[in-house]
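*Asks:* Next come the chains, spelled out residue by residue.
Protein chains: 2
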Amino acid sequence: MISFQKFTEHHVPKIDKHLSFQINSIEAPSILKEAMNYSVAAGGKRVRPLFLLAVLDVLKVEHCEALTVGSIIEMVHTYSLIHDDLPSMDNDDYRRGQLTNHKVYGEALAILAGDGLLTYSFGELSRLKTVPAEDKLDLIRLLSLAAGAEGMVGGQVLDIESERKLISVKELETIHINKTGALLSYSIEAGAILASADEKTKKSLTDFGYHIGLAFQIQDDILDIEGTTEILGKTAGKDVASEKNTYPALLTLEGAKSKRDWHYNLAILSLRDITKEPGLLDEMATYIVNRNK
Amino acid sequence: MISFQKFTEHHVPKIDKHLSFQINSIEAPSILKEAMNYSVAAGGKRVRPLFLLAVLDVLKVEHCEALTVGSIIEMVHTYSLIHDDLPSMDNDDYRRGQLTNHKVYGEALAILAGDGLLTYSFGELSRLKTVPAEDKLDLIRLLSLAAGAEGMVGGQVLDIESERKLISVKELETIHINKTGALLSYSIEAGAILASADEKTKKSLTDFGYHIGLAFQIQDDILDIEGTTEILGKTAGKDVASEKNTYPALLTLEGAKSKRDWHYNLAILSLRDITKEPGLLDEMATYIVNRNK
Numbered sequence: 096m097i098s099f100q101k102f103t104e105h106h107v108p109k110i111d112k113h114l115s116f117q118i119n120s121i122e123a124p125s126i127l128k129e130a131m132n133y134s135v136a137a138g139g140k141r142v143r144p145l146f147l148l149a150v151l152d153v154l155k156v157e158h159c160e161a162l163t164v165g166s167i168i169e170m171v172h173t174y175s176l177i178h179d180d181l182p183s184m185d186n187d188d189y190r191r192g193q194l195t196n197h198k199v200y201g202e203a204l205a206i207l208a209g210d211g212l213l214t215y216s217f218g219e220l221s222r223l224k225t226v227p228a229e230d231k232l233d234l235i236r237l238l239s240l241a242a243g244a245e246g247m248v249g250g251q252v253l254d255i256e257s258e259r260k261l262i263s264v265k266e267l268e269t270i271h272i273n274k275t276g277a278l279l280s281y282s283i284e285a286g287a288i289l290a291s292a293d294e295k296t297k298k299s300l301t302d303f304g305y306h307i308g309l310a311f312q313i314q315d316d317i318l319d320i321e322g323t324t325e326i327l328g329k330t331a332g333k334d335v336a337s338e339k340n341t342y343p344a345l346l347t348l349e350g351a352k353s354k355r356d357w358h359y360n361l362a363i364l365s366l367r368d369i370t371k372e373p374g375l376l377d378e379m380a381t382y383i384v385n386r387n388k
Numbered sequence: 096m097i098s099f100q101k102f103t104e105h106h107v108p109k110i111d112k113h114l115s116f117q118i119n120s121i122e123a124p125s126i127l128k129e130a131m132n133y134s135v136a137a138g139g140k141r142v143r144p145l146f147l148l149a150v151l152d153v154l155k156v157e158h159c160e161a162l163t164v165g166s167i168i169e170m171v172h173t174y175s176l177i178h179d180d181l182p183s184m185d186n187d188d189y190r191r192g193q194l195t196n197h198k199v200y201g202e203a204l205a206i207l208a209g210d211g212l213l214t215y216s217f218g219e220l221s222r223l224k225t226v227p228a229e230d231k232l233d234l235i236r237l238l239s240l241a242a243g244a245e246g247m248v249g250g251q252v253l254d255i256e257s258e259r260k261l262i263s264v265k266e267l268e269t270i271h272i273n274k275t276g277a278l279l280s281y282s283i284e285a286g287a288i289l290a291s292a293d294e295k296t297k298k299s300l301t302d303f304g305y306h307i308g309l310a311f312q313i314q315d316d317i318l319d320i321e322g323t324t325e326i327l328g329k330t331a332g333k334d335v336a337s338e339k340n341t342y343p344a345l346l347t348l349e350g351a352k353s354k355r356d357w358h359y360n361l362a363i364l365s366l367r368d369i370t371k372e373p374g375l376l377d378e379m380a381t382y383i384v385n386r387n388k
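Same order as they appear, the protein sequences are chains A and B. Heads up: take any position in the first sequence, counting from 1, add 95, and you land on my numbering. Heads up: take any position in the second sequence, counting from 1, add 95, and you land on my numbering.
If you're looking for bench data, these hints aren't it; they were derived computationally from the structure. Careful: at least some of the hints might be erroneous.
Computed list of lysine to any residue pairs in SDA-like fashion (alpha-carbon distance at most 20 Å, straight line) [claimed, not checked]:
1) A/K265 <-> B/K198
2) A/K260 <-> B/K198
3) B/K198 <-> A/E256
4) B/K198 <-> A/P182
Whenever a hint applies, use it, and build me the whole structure from the sequences.
*Replies:* Spelled out as structure tokens, the structure:
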């Protein structure tokens, strides 16, 4: 079995290259392409495409358009970061270690770069060459649910609504299932669709995606406390400073870690329904809860 | 033949009702649905869904999901208006005779309501029940091109870039072909797809869409000078006040009218390749260039 580190080292440059190729292929005003590319090329962990590729690896399926679909999900993720960072939202100056999009290109162009990335993603899914039409429609339908008002956009609204209010752990969970979990889970579902996985496997992968998505977010909250701005590439301690509802704030740091590990264990458990032997997805899950950025 | 006025009176309430039904069916935070619905329910001329329905009428095809597709296009149009009105873009306070979305719900929610409408639209196209899979993928692909960086979003960027610069008529045309024309033409193309029109008919309709889209925009520019805020439902004279590049500014008012009529005539001419007798699309085109709001 290839190690997760080697897997990452092998695939991340390919993902980066493919993203750059996709943006370059768009016929659009050069300043818009530049703004779209600025945030897409800023790096990041590429967790979502890696999850998609890892699903295919675990299911022992090769798919020549996996990189394309993975890159599309990364674009949708990047659009959401650009819009979330805007002054009227989280008002962040740094992201992935560089100035946020609106700090460089201004608010108008940042909004439009996000709009452009989102809109392009759906078109690109419709153009896949080797995926059956019904599967493409499934990929589009599920992306719309994961990224839209019923998923990520809805989660962001709940997050804004909960600011400076005391909310319950259950309410916090609902925010994160939508805001971060939905698109992360989608990357796993998309891998299962490309692999033509059976319903039982899809169900196990969906469970895995649900739990690892929550573990991912809890670790994000923990890193806001334990991480450093330098390593994170974004301002550490911002959640505490802005009295944001986070897992550590509601459960204490220890409580948050215990909840993270609980979700991690359930995620690992659902993988055992697919393969007896631990594989790449196990390693990715372990990375998610141990990462320092 | 049913008159365009009767056609409008018959269909606009149905479009409004269907839009409201669609938004209500979304499972999302209530404040987000409210913000999405606020702009969608604000009325407007519903030109794009009416064009789609008129294409089907002219081609003598009934389609039980025409209203759904028409409403989807109206949602994408509404998303673009919400984002265009933002303080960092056109900074408009009024739209369709009521306060703009961000004036009521704040910028963050306005951006997210737009994002939600756009994302929902692609999902809704993927869910059409009676349209063949390949046609649905065509509808999605073409919507992505018309609305995205290669169309509407790109046009908005060009528009922003041209502010306070003297541009040529050709450059102005490129802006409008993308900013307004692309989605208007899409509504006509979408009608042709639902009608399973042959390639020759599609080509004639595309030509019609191209010219009527430009005529539409030129009339918009003319109305900024000749219209009143009360009838327009948005601030008249704003283009002149902000020294915006418009057809009247570049060609004089008379020159703009003559260019509008030139495109109108070419639009009408392309319809004659489809039917010898003038029909609803002729009437719609006439309405477009004579409207006072």
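*Asks:* Run through the hints listed earlier and report the numbers of any the structure violates, in increasing order.
*Replies:* 1, 2
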